[in-house]
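Chemist: Starting from the given sequences, assemble the full structure and let the hints guide the process.
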Amino acid sequence: MKIKLILASLAALATGAVFLSGQDPISGVITKPHGKPRIAVIDFRGAGDAQKFMTSFNTTLWDELSNSGVLEMVGKSFYPLDVPQQPSDFKPPTTAAPLRRGDPPRTVRNGPWLTDWSNPPTSANHLVFGYTAVQDGRLLLRGYLFTVTQPDVQSAQLIGKLYFGSLDDEGAKKVAREFAADILQQFGQKSLSGTKIYFVSDRSGNKEIWSMDYDGSNQKQLTSYKTISKEPIVSADGRMFAFTSLIKGSWQIMIHSVETGRKLPFYNPISSTIETPEFTPDGKHVLYAASLGGYVNICISDITGANMNQLTHVRSQEVSPKVNPKTGRDVLFISGRSGIEQLWRMNIDGSDVERVTNGEGYVANPSWNPNGQLIAFAWTRGFEPGSYNIFIMDIADKKPVQLTSNAGKNENPWFAPDGVHLVYQSTPSHGRPTQIYTMLLDGTHPQQLTTQGNNTQPVWANGIN
Amino acid sequence: MRNLSRTLVTAVFGAALMMTAAGCKKKTPIPTTPPPTAPANRGSGDTTPAVPLSVRINSFTGEPRSIEKGQAVTLRWSVGNSTDISLDHELGAVAANGSRQVFPSQTTTYTLTAKGGGNQDTRSVTIEVSSSVPPPPSRTAAVRIPPAEILGREAQDVYFDYDKNDIRADGRDTLTKDADVIKRILGADPTFTIVIEGHCDERGSEEYNLALGDRRALAVKEFLVQLGVPDDRLKTISFGKERPVCTDENEACYQRNRRGHLAPAQ
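Note that the protein sequences, when read in sequence, are chains A and B. For what it's worth, numbering that gives the first Met the number 0 labels the leading residue of the first sequence as 0, then goes sequentially. For what it's worth, numbering that gives the first Met the number 0 labels the leading residue of the second sequence as 0, then goes sequentially.
No lab work stands behind these hints, which were simulated from the structure alone.
With a cut-off of at most 27 Å between alpha-carbon atoms, the simulated BS3-like pairs for lysine-lysine come out as follows:
| id | chain 1 | residue 1 | chain 2 | residue 2 |
| --- | --- | --- | --- | --- |
| 1 | A | Lys247 | B | Lys182 |
| 2 | A | Lys247 | B | Lys234 |
| 3 | A | Lys397 | A | Lys325 |
| 4 | A | Lys35 | A | Lys397 |
The structure displayed is predicted, hence computed values, not measured ones.
Modeler: Here it is, written out as structure tokens:
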């Protein structure tokens, strides 16, 4: 299934197709692909038995690089036929005496050269090449990243590195991901390798908290309270996750250790509903929504639940506090204080409350970009109540940009640690299961990560390192 | 028919012979009470030896067999071959066929004794008397429909407008009736606890709906408390949009899901 998806996206990329058909043009702050470095990625070949796994390898490598959103992939039909496999394959052209007197000196081609890639029609800035082989029963990758606009091989080389993996498809994917992570790092891109997506799934019969790798692999059930557990959140250091659970007739917040899976002590005030937990970036406090004075309002407490302080005191529902990960001071939240629920912002001490969205439609699920500047949320603006779509906004200028406009619902956007991906849930039409997808900030490259049951409320967490 | 008559004659004659033989063999004194006679008009009477008629109580009944103290019971009897017939409990001698009303004050066994020709027969009948009428079982025990069932049968859901938690006019009527149901239940079982569930339709976000459902449940609780339902018998819980009663995509279904529901506490 995953392979199929990857292949589908590969095909779409190769033909330049855009996934979200019927999408409104995007205006505002998000830059489009122009200006991104153009990169050519050869199809790697394997020596001997290694060749069997090269489809997995090439697919994964291409997918990782293209889905990063920071590179413009040069279509393979534009590549020269004479492809290098290692740096020594590059042979600078030489000049020779012209065949006819009076002509300028001839350029004699001696083999592949950098300009094959930098000149039209390829017009690449960078080239990824190399090969794999079998060594001591393991898969060996020699991977190179060259800047082909450089005059010589020495100055062209950015990466020349060995990678080892098991001699199977998994090993091939692993070395491809590691190599891709190194390449992306050269472009200032944080690798998503090691990051985790936490989410809610009902596939076991109850809503429980699950986690998976950033590409949808390794899906694991983390809780088994066999009631309703939802609204997961993960601390910035990746070591704790909190969620809301229906325990003994009331909604309470639970905090678990990621490493041991065990419940950590957390004191819930007496209330029928305590929900939407959020960690402060330093991991020392928890914000949540609790029904204390007759309405669910925003509260803050220590990580143990002690020293609880109610931050808002209004006669309406207020949920989903989300602390700016950069400043640790601004809090986004959803409030119905002006009528229907909108996105609001306040200082973490409850002061300077202001409305962020313009009062139209219903707003839900705010989340912060790691840069502390962009925000994402679900909004019904322009649609019927319940028909949410995903919007992003620069918190400074408050101009919304709509990313999805499918039929059905798109909700719960959450920024990846790399700041350029979003994970979200999509319900294609009424009555169909809800699944989790990732996409780029411009709304392109959707990838479906889940298939079993209903999967909702994804949050993208840093891995523990 | 002729064969049958001959067989009967033979049988009766045979029986008489055997009795005589048995009597001789055992050499026991002749019993004062002769063995029961064969039915009088069976077969030919002239072959049967004459036997004295024995005392016999044909029936002795008391109706009704069980009474409350102070009520009457009619004893009836029928006795054959006796002129000395009496009832105990100082009722004394009675005729061979008769009846008598009695008013026993406690459970009593009446015995009819008939004598005659050197033998007697007795028959008894016992009349159950309950001295005082026990009270009916207490109301709760008797009409013991479980409170949870009463609640489920009689309490109505209260409905809300979209994204609202105000009790509408129709909701006030519903809750006024619900309050009566609850008070009736609590009158019978003061320890009964009710959970007010707040529910939402599917359109809002899960997080906001959980908060809204909480507020709806509280609004219902506040209204019931105003009507005199004790505060400590009412709990609240929100289910947000977790437990819809229908899943259609139209206002009729949305309205059914935007509700406050009364359920027994677990």
